Amino acid sequence: MNDLTRQSAATLATAIARKEVSSEEVTQAHLDRISQVDERVHAFLYVDPQESIARAREVDQQIGRGELSSPLAGVPIALKDLLATKGLPTTCGSRILEGWRPPYNATIVEKLHAAGVVSLGKTNMDEFAMGSSTEHSGYGPTHNPWDLQRIPGGSGGGSAAAVASFESPLAIGTDTGGSIRQPAAVTGTVGVKPTYGGVSRYGIVALASSLDQAGPCARDVMDTALLHSVIAGHDPRDSTSINAPVPDFVAAALKADVRGMKIGVIKELQGEGFQAGVLERFNQSLETLTELGAEIVEVSCPNFQYALGAYYLILPSEASSNLAKFDGMRFGIREDDGKNRSVEQVMSATREKGFGAEVKRRIMLGTYALSSGYYDAYYGQAQRIRTLITRDFEAAFLQVDVLVSPTAPTTAFKIGEKLDDPLAMYLNDIATIPVNLAGNCAMSLPIGLASEDGLPVGLQIIAPAMADALLYQVGSALESALVDRWGGLLISEAPSL
Amino acid sequence: MTQDGINAEQVRHLGKLARLELTSEEVEHYAAQLEQILSAITSISAVATQEIPPTSHPIPMENVYRDDLALPGLELADFVPGAPAFEDDRFRVPRILGEPS
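These protein sequence lines are chains A and B, in that order. Using our numbering, you'd call the opening residue of the first sequence number 1 and step up by one each time. Using our numbering, you'd call the opening residue of the second sequence number 1001 and step up by one each time.
It should be emphasised that the hints constitute simulated quantities derived from the structure, not laboratory data. Treat the hints with caution; some may be incorrect.
To be verified - Examples of chain A residues lying across from chain B (beta carbon under 7 Å, computed): (1) Pro103; (2) Asn105; (3) Met347; (4) Arg386; (5) Leu482.
Quantities reported herein were computed from a predicted structural model and do not represent experimental measurements. Think of the CB as a built atom: it goes at the ideal place given N, C-alpha and C, for glycine as much as any other residue.
Bound-form chain A, shown alone (with noise of 0.2 Å):
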């Protein structure tokens, strides 16, 4: 097989489970490729290359035994630092986390591990997961593999950057307004956001627990339905987790066709705010659609106007109340000068010193819609404005079968042009946030370049809570389409680095 790193995993995980190629050559090149490039794109906080050819022997050695039938086995990933893995630094891209290794896995670590899925390390991101260009990290910005001074979208920028650098077939994303499809769409990758409780959140440290949740990130479509299947399903450990059956989202995927659908165009996610180039791709992908079999119709949602209000009202009361924790007393670091201070006084000293200029902005901006006699007028009514949200989706799921949209307004922008206006850079999660408010599923994937700057443009396709199998279904076939024009996948025109 030529070049490892250019495979999907669907491939990697044939040729491992017929003995054409070991888990640990698989691994091997990706790691190879990782101290080629990590320099310049700096997807990855921490790598351990000798503990990851060590599980990859290990799985080489159960699937000779036969005792894995997962369909990635053997195939390795890279892991948001968001998720909680035992013995293994994660710091959340945050210093306050510097040095603490977690006593437990994440829910999602561990169907991985069981799964056969061979961990490559932990990826960077915005600190907490709280931005849209991963320049919020403690611990330095993610480079775009596209274009090396510009951002690689966040909060989750190593994990798509890590993909599209060909660092790793396949990685974990969080999305609590955007942080997967954002940075899929920006880096010419897939992402997916499922419905809100049908992957675990247990031991993903939390930013807004209404609001987060997990999902695959890969180069194309089917690999982000098989991460999906791995890691989707009920877990006790979480009590928001769904208990139903997991649907079939591999066979979706296979299914590609969307004859007879109606795909509902959002009238209020286009136009003004939007780049010229991203419309222009995206009314584009519409017509492919509409040669596919697909009926295009406009809907509205006039509420979502509101979404990033509401949003930025809920994430920051979430947040302030879930980082109270990070105060310098059980984990993490601890700022004390040993003069005596009191309690208060370290925690002060330990936030102030461990948090960056983002999270403790939001943090304020929670404690400040949280207080005494502001609490109804704020974080009452965007609760209010969240149920109008979810009303906009079901009326326009009682038209349509999926929604599209550009999945953001802009292709992505050069590193430190937006890092201190705040609400410049929250403009970038318009399309994303409705979904993360009402809690049902979206994916983005990749629909070509902006003709003014050539840098990837992503579309998004919203499907109803827990009809997640229809993403791959509308996806898989439009990607085809695409595919077929292009020769290949997208990220293939991105520069070799």
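Given chain A, put chain B in place with the hints provided.
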């Protein structure tokens, strides 16, 4: 705090509530930024009327019960290395009394 804005003094108060020992430079900087963010997002407070029920969670939630069984928990050795200070099987913390008002 007043509804019509956020000033340095309020930021200092938020910092105190959130246990963030902000520098005076940060206080000025965040006051301007938080003011800008809040004025952009709080316009929603007039949108939804009281009859609309709030959504706290995207899926219907019901209480989850399990049998009250004793299961193995974490061992000391699992988390002691991650603690900033540990002594006599306990987390050692700074003094908790004599807090300045």
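Tell me the hint numbers this structure goes against, listed in increasing order.
2, 5
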